[in-house]
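> So you can see what is in the structure, the chains are spelled out below.
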Amino acid sequence: MRLRFRPVETSFYDHFSTSAQHLVVGAGLLAEMLTEGADKESVAKQMREAEHAADETTHTIVKQVNSTFVTPFDREDIYALASGLDDVMDMMDEAVDMVLLYEPKVLPAELLDQVELLQRCADLTATVMPGLRSMQSLDEFWIEINRLENAGDRNHRRIMAHLFSGEFKAMEVLKLKDIAEALEGSIDAFEKVANTIEQIAVKES
Amino acid sequence: MRLRFRPVETSFYDHFSTSAQHLVVGAGLLAEMLTEGADKESVAKQMREAEHAADETTHTIVKQVNSTFVTPFDREDIYALASGLDDVMDMMDEAVDMVLLYEPKVLPAELLDQVELLQRCADLTATVMPGLRSMQSLDEFWIEINRLENAGDRNHRRIMAHLFSGEFKAMEVLKLKDIAEALEGSIDAFEKVANTIEQIAVKES
Amino acid sequence: MRLRFRPVETSFYDHFSTSAQHLVVGAGLLAEMLTEGADKESVAKQMREAEHAADETTHTIVKQVNSTFVTPFDREDIYALASGLDDVMDMMDEAVDMVLLYEPKVLPAELLDQVELLQRCADLTATVMPGLRSMQSLDEFWIEINRLENAGDRNHRRIMAHLFSGEFKAMEVLKLKDIAEALEGSIDAFEKVANTIEQIAVKES
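Chains as they are written, first to last, in the working numbering: chain E, 11 to 215; chain F, 11 to 215; chain X, 11 to 215.
Derived by calculation from the structure, the hints in this document are not laboratory data. One or more of the hints may lead you astray.
A pair counts as met if it fits within one copy or between any two copies, since identical chains are not told apart.
[Stated by the list, open to error] Quick list of in silico lysine-lysine cross-link-like pairs, DSS-like style, CA-CA up to 25 Å: (1) LYS55 to LYS115; (2) LYS202 to LYS73; (3) LYS55 to LYS213; (4) LYS213 to LYS73; (5) LYS115 to LYS202; (6) LYS213 to LYS202; (7) LYS179 to LYS213; (8) LYS50 to LYS115; (9) LYS115 to LYS179; (10) LYS187 to LYS115; (11) LYS202 to LYS179; (12) LYS73 to LYS187.
Start from the sequences, fold in the hints, and give me the full structure.
Encoded structure:
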């Protein structure tokens, strides 16, 4: 007789879904942080809480990998996916922190274009997570995240060209460049998550 | 009876050779871009085309890995090598784009030293690719790329010291630093390709 | 009969211990380099020697992996650990080089806080290396290095906020930012070493 009900495996998918949900929250807070008139202190505090919650989900997954005999896919891949999702949160948290600490005089509107891409990445990732169980329709996800990452790359270069245009002082450029790079790094981190998922799907197929 | 003729496997080597050839073209365009009096718009356009061609070769390899039953070496290693070669192209393309978009006032001659190293890395990689089939003389390749990468590191530090010498304005330093880092990143990306090849060779030996 | 005495395996642990000892030396030299009144030329020269010695240990390990039939743990993990330890040394060497070449006017005291964390990472890593053989008490090591890395992250953001406060000229900020990032990168590199060790321990347990 083969048992159908495998509670431990199932909960991995649930944790990954929770992890992706944290990223939706984080991307939303990042958007708020970059909006004019935002209460920066308060948003940064919420972001810290979201980051801690994400950390706990990651720890839960890692502990579970180490204590579970049968895992739904390779231990290494579970670890890679969990830490990949965690990396996205860390980078978005870093971006929020920089906006708070560096106190840039202006926040060019193009930065919000990047956060919009980030929010779409987060939404897509949260949508696809329950589909991990059946390994279906993951190709489209991977293609779409790659498309968003390419768009983010182009945005980033335009932002940098703007920062270097002579409109801003060198010190402001330094601050905004760091923030822009943290946003681009967050999008790259989503692409790494998509690549990990794609690799898992290829193995399982 | 064992079949001698394995057309599918063979074509992997051909695609990798094509991929390395794209890098030779890309490194040449990068050299042109940094040469005084270059038609920057036109070179950047050719670079975009070269980058697209490289992308297509990468996609062909990845699609083939997923649809081929017997591969000449581990699927993961084929994937790592294909995306490693693609990363080099992306970084060189980024460097060209920065020179076009940032419009630095001068391009210090030391930057061309870095591109010369890059061209030697590209030539070596293109030369060694057909040798992948026999896994021969790869040690020398790996040692030489590592030597070039060390030389690139030293060049990079000298370039940075020059940029920080007080000869350039802060804004120019910011632009040139980004370009110099993209060049150094391209050389590093070649080293990663060499490491991947070395790891494949160790496994196969 | 099972042979108890396996000299070749044993020496891997010895080499890893040597490798970690190089990092203790390197972190000490980095601390000296950032101390007021240091003979920068002389410290940088000692650092180069320490870096070469570390390189040789790494090469010895890699050569031994390729020529040994039975290794104490997976070849890939030995390779990852050896090159992870080597990366820490390279980053600390880079930081020393930057202090020498960039000639920053002042070195903010907070940079020494980072080096203190680095020294604790190096000491911990050197202490834990002989324990690799028994795979004991590695959890605490991993947790502590992660704690230090988090502290380093927070330090780094404070350093950046200070650099951007208006107290320093843009050119000085550029120099100090590079140095601060090399220090943070060194701590991150220790975290990667700790993650590799943790992964080895999980596999072996």
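> Quick one: which hint numbers does this structure break? Sort them smallest to largest.
Violated hints: 3, 5, 7, 11, 12; rest satisfied.
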